[in-house]
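K.L.:
So the protein sequences, as listed, match chains A and B.
At position 42 of the first sequence the residue is numbered 42 (the numbering used here), and the sequence of numbers has no breaks.
At position 78 of the second sequence the residue is numbered 1078 (the numbering used here), and the sequence of numbers has no breaks.
What the hints contain is simulated information worked out from the structure, not anything from laboratory work.
Predicted model only: the values in this text are computed from it and were never measured.
Cβ atoms here follow ideal geometry from the backbone N, Cα and C, with glycine treated the same way.
Hints may contain errors.
For each label pair, taking beta carbons as the anchor points, the in silico distance ranges come out as [to be verified]:
1) B:K1068 with A:L113: 43 to 49 Å
2) B:P1040 with A:P70: 29 to 35 Å
3) A:E1 with B:N1022: 28 to 34 Å
4) B:A1053 with A:G98: 18 to 24 Å
5) A:L39 with B:D1055: 32 to 38 Å
6) A:Q14 with B:E1069: 48 to 54 Å
A short list of chain B residues far from chain A (calculated; beta carbon distances all over 12 Å) [unchecked claim]:
7) T1020
8) G1029
9) T1071
10) K1077
For reference, the chains in residue letters:
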Amino acid sequence: EPEVTQTPSHQVTQMGQEVILRCVPISNHLYFYWYRQILGQKVEFLVSFYNNEISEKSEIFDDQFSVERPDGSNFTLKIRSTKLEDSAMYFCASSEPGNEKLFFGSGTQLSVL
Amino acid sequence: GDSVTQMEGPVTLSEEAFLTINCTYTATGYPSLFWYVQYPGEGLQLLLKATKADDKGSNKGFEATYRKETTSFHLEKGSVQVSDSAVYFCALTPYNNAGNMLTFGGGTRLMVKP
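Bound conformation, chain A alone (with noise of 0.2 Å):
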């Protein structure tokens, strides 16, 4: 089965330090997602891409983050002066047109120091 793939797993990095989480979605997919998880809080949604533009943002998605499609696999979340409170599991995730059913990678844990 096709699946979104995200990269690191893991990724470390010191505080103000930018950093960019990669992101290759299922190839038939147009719709991209950005959602995540602090420890021991909920899942929280971030920001959704279409057709090389954001579509909807949430108010977490401030103007440290910025979402890009470089070319025609990848898809990068960019924080751009980490915060300690940035430290999360960041997840992918992509669906097709007209389906409500996203599939998700398996996460970048990011920890800021």
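Start from chain A and add chain B according to the hints.
P.N.:
Same frame as chain A, but now just chain B:
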């Protein structure tokens, strides 16, 4: 805003026991309701869904019924297996949600012992 509340875990059961994981929601209108499952080391996978009141979603022996009157979507399975050990997430998307913004519950860890 919308919210989902599910029972806290962990839930520990013996193989072949009956499973119920409670889930209630708060939302305006008629959201779509989902159960996602996360096996160790893997991403979340859609287990089942229901899009309107009284619909029953089912998959792999699991089922859940969309109850508008009690705003609930409880997950049940008649006989659990060790392989069902995972974290289960109840979630919703708002009515007419084009952005597929899922609102998740906190997750319930299920541990099934042989």
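K.L.:
Hint by hint, note whether the structure agrees.
P.N.:
The hints, checked one at a time:
For the hinted restraint 43 to 49 Å between K1068 of chain B and L113 of chain A, the CB-CB distance of approximately 47 Å keeps it satisfied. Range check, P1040 of chain B to P70 of chain A: about 32 Å between beta-carbon atoms, so the 29 to 35 Å window is met. For the hinted restraint 28 to 34 Å between E1 of chain A and N1022 of chain B, the CB-CB distance of approximately 30 Å keeps it satisfied. Separated by about 22 Å at the C-beta atoms, A1053 of chain B and G98 of chain A satisfy the suggested range of 18 to 24 Å.
In this structure, L39 of chain A and D1055 of chain B meet the distance hint of 32 to 38 Å, their C-beta atoms being roughly 34 Å apart. A hinted range of 48 to 54 Å for the beta carbons of Q14 of chain A and E1069 of chain B is consistent with their spacing of about 52 Å. Every beta carbon of chain A lies more than 12 Å from that of T1020 of chain B, the smallest distance being close to 21 Å; the non-interface claim holds. Once the 12 Å rule is applied to beta carbons, G1029 of chain B is consistent with being away from chain A; the minimum gap is 15 Å.
With a closest Cβ-Cβ approach of about 18 Å to chain A, T1071 of chain B is found to remain outside the 12 Å limit, as its non-interface label requires. A cut-off of 12 Å between C-beta atoms confirms that K1077 of chain B is not in contact with chain A; the least separation is 20 Å.
Of the numbered hints given earlier, the model fails none.
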